[in-house]
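Q: Top line first, the protein sequences correspond to chains A and B.
For the first sequence, the residue numbers in my numbering are 299 to 649.
For the second sequence, the residue numbers in my numbering are 299 to 649.
Worth flagging that the hints you see were computed from the coordinates, not collected in a lab.
Because identical chains cannot be distinguished in the list, a pair is counted as satisfied if it fits within a single copy or across any two copies.
No more than 30 Å apart at the CA atoms, straight line, and that leaves these computed lysine-lysine pairs for DSBU-like:
hint	residue 1	residue 2
1	Lys301	Lys348
2	Lys487	Lys641
3	Lys463	Lys541
4	Lys540	Lys487
5	Lys463	Lys641
6	Lys301	Lys409
Protein chains: 2
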Amino acid sequence: MKKNLVVIGYGGMGAGFHVKNALTSDVVNLLGVYDIDPAKQESARAHGLKTYDSLDAVLTDEQVDLVTVAIPNDDHYDTVVRALKAGKHVLCEKPVAMNSDELDRMIRTAKEAGCIFSVHQNRRWDVDYLAMKAIYESGKIGEVFDIESRIHGSRGIPSDWRCQKKHGGGMMLDWGVHLIDQILMIVPKRIENIYCKLDHVTTAEVDDGFQLHLTFEGGCRAMIEVGTCNFIAMPRFYMRGKKGSALIRDWREPAEIVECTHWSESEVLPVQTAAGLTKTMAPRDFVTTECYAWERPHSDVHDYYRNFVDAIDGKAEQFVTHAQMMRVMRVMEAALASGEQNKVIAFDDTL
Amino acid sequence: MKKNLVVIGYGGMGAGFHVKNALTSDVVNLLGVYDIDPAKQESARAHGLKTYDSLDAVLTDEQVDLVTVAIPNDDHYDTVVRALKAGKHVLCEKPVAMNSDELDRMIRTAKEAGCIFSVHQNRRWDVDYLAMKAIYESGKIGEVFDIESRIHGSRGIPSDWRCQKKHGGGMMLDWGVHLIDQILMIVPKRIENIYCKLDHVTTAEVDDGFQLHLTFEGGCRAMIEVGTCNFIAMPRFYMRGKKGSALIRDWREPAEIVECTHWSESEVLPVQTAAGLTKTMAPRDFVTTECYAWERPHSDVHDYYRNFVDAIDGKAEQFVTHAQMMRVMRVMEAALASGEQNKVIAFDDTL
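Please work from the sequences and hints to get the whole structure.
A: Set out below in C-alpha cells:
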C-alpha cells in the first residue's frame, strides 16, 4: 500500500522535484504540502494541491506516514526532530544538517522514535556517476589510483539563502554533499587525509566553489571540484587506472574509455610539441590501446522513494544509511576546515 | 659575427634539437660535438659532424665561444663549472642543476668568470603558453584567479637515466621545470605557498607525475600537472578570470575564450542534469557571453640562441635570468618536499 507523504517546503526542490516525483510515484501518495510562506502556499493551491496551515497540522495528521523536508538548511534540524518525535518517517533534503553535532542528535532522535530518517542523495541515480562506478568495479582500466569529479557553472552562487552562512549556504554544502557521496560510493576505502581550496570569487561569506582532495588508504586519490565562475566547463568525470583512463565530458554523453592492451611499443619516436621534442608525451600507437564507449547505465530516480518505503516496511535497509550521512558530513567539515586553515587534515575514518 | 658552438652530449636533445637548431641558426656556428659514449661519437661523425676527443679538448679550443650542455642532470654541475672556468659561455639543458645549492655555486662561478650562463627554457616559445600569457595580460577575461597547466602522456617514465633518482630523474625535474617556468612568467606575483601530490604509478624511485598547487599573493592560484599514465589527455591549459574563461585543449589548437559580457540574465530556469534539477549549473544564455578563438601567437625558437648571443655581446639581458633559474629550482624543491611530507609549505619568494 502507498505511504502518505507531505512535502514541507514548496521551493525549488519541494515544488520542482518532490511534489512532481510524488505525483508519478508508485509507492507514495501526496497528501499535501506546507510552506511558511503564504505566497508559496497560494501557489501550491493554484496547482491543485492541499495545503496544511502549520507544521503542527502536518505532524498531528495521523494519516501522514512520512514527510519530505525541503527547506533552508539551517531549519532542517528543528523540523526534522519535531517530525521524528511526532512519529513521522523523515526524508530530508541535503545537506541534512548544518554540522555533524546536529546530525548526531537527529540520528539519535530517529532511533529513539523508531522512524526511518534519511537524506535525499538523489544524485546516486546520476547516470554519469553510475557509469564511473561500474567502470571502477569492472577492472577494465586496471587498479584505479585517481578520480576527478567536477561540476562547473558560470552564474556565481545563487543570491537567495544559499549565499548566506547562517542558512548553510556555500557550494560545499550544496553540491559538495552530492559529489563527495558519489566518490565515497565509488571508492570502498578509508580516507586518510583531506586538503581543500575554497573559492571566494563573487562572495567572501561562503565558498562559491572549491577543489577538494581526498587521499585514501593505499594511495588512491580523488579530486572533487565545484565551480560557479567557469564559463567553459571542464569534463565531468576523469578516472585513471594503471591500465587505462575513462572520461565523461558532459553528463549527457557516455563515458569514453581508452584501455591499454600492450604497455610497450617496439619503438618510440620523439614528437615535436610546440617548441620542443618529447618522447615521454608522444601519443601511443593505436595497436597498443582499445578505445570504446561505455554503455549508459539504466537509472530510475523513483527507486529512492521505493527503497525508503521498503525501509519503513522493514523489507530493506535504507539505501542512504546514517553512517554514510555522517561520513559525508564529517568530510565536508574537514574540507571547510582545511580550506580555511590552508593545511592538510588527517581524517579519522574509523569513527 | 656568428659565435662558435660545441654541443656536449649527443643524445635526445643534443642530437635531436641543439645540433639541428645550430645548423639552421643565424647566430651560431656549430664547430662540433662531444659525447662520452663512443657509439654516439661515431653516430655524430656518421652525420658529418666533427667530434672532439674529450671535454678538455673542447674547453681548450680557443675557437669555441659557447657550449651547450645536454647530458644527464647529475653531470650538469661539473661540466658547466669546468666550462665556465675555461671562459666558455654556457647554455645548459634543464633542469640546470640537481638542487639550488649546486645552482648557487654555478651562478657564482659564471659571475666570477664573466661568462653568460643560462638554462634552455625553450618552452617559453610554446605557442600554447604564449597564447595564455597574452590572454592573461589582455584583461579580456577579467582578473585571473586560477590557471591550470597540464601535460599528459601514457608511456610511464622513460626507462633510461630519467627513472633514476641519482641522475636527477622524475617528472618534476623533467617537465615540471618547464611548466613552472611558464606559470611564473604568466603570473607576475609572489608565491605564498605550495602544495604538491606526487605520482608513483610505475615506479617508487622518482615521481612519474605530480599535481602542484601554487598560491600567489592576492589569492591567484595555479595548478601544474604532469602525468605519464593518462591514456586520455585532459586539456593543456585552462584559465579562469572573473569575467570569462580560456581553454586550450591541445597545443595544436588555438585558445577558446568565453567572455562574459552581461553577468545577469532576466530569468534563470532550473535545468535537469542527470538525476536532479539545478539552477546554479544551468548553462548561460548565449546573449550574455561572447565565444571566440584567440589567434595563435608567432613564435621562433631560434630567438633563444639569438638572445643568448646578444647577451654575450652585451646587447641584451639574458632572457632566462639567474634569478628566474633559481626561483624555478626552489619551487621544485619545495614541491618535492611538500609531496614527500604531504603538507602545505610556505614559500619565501623574497630571496
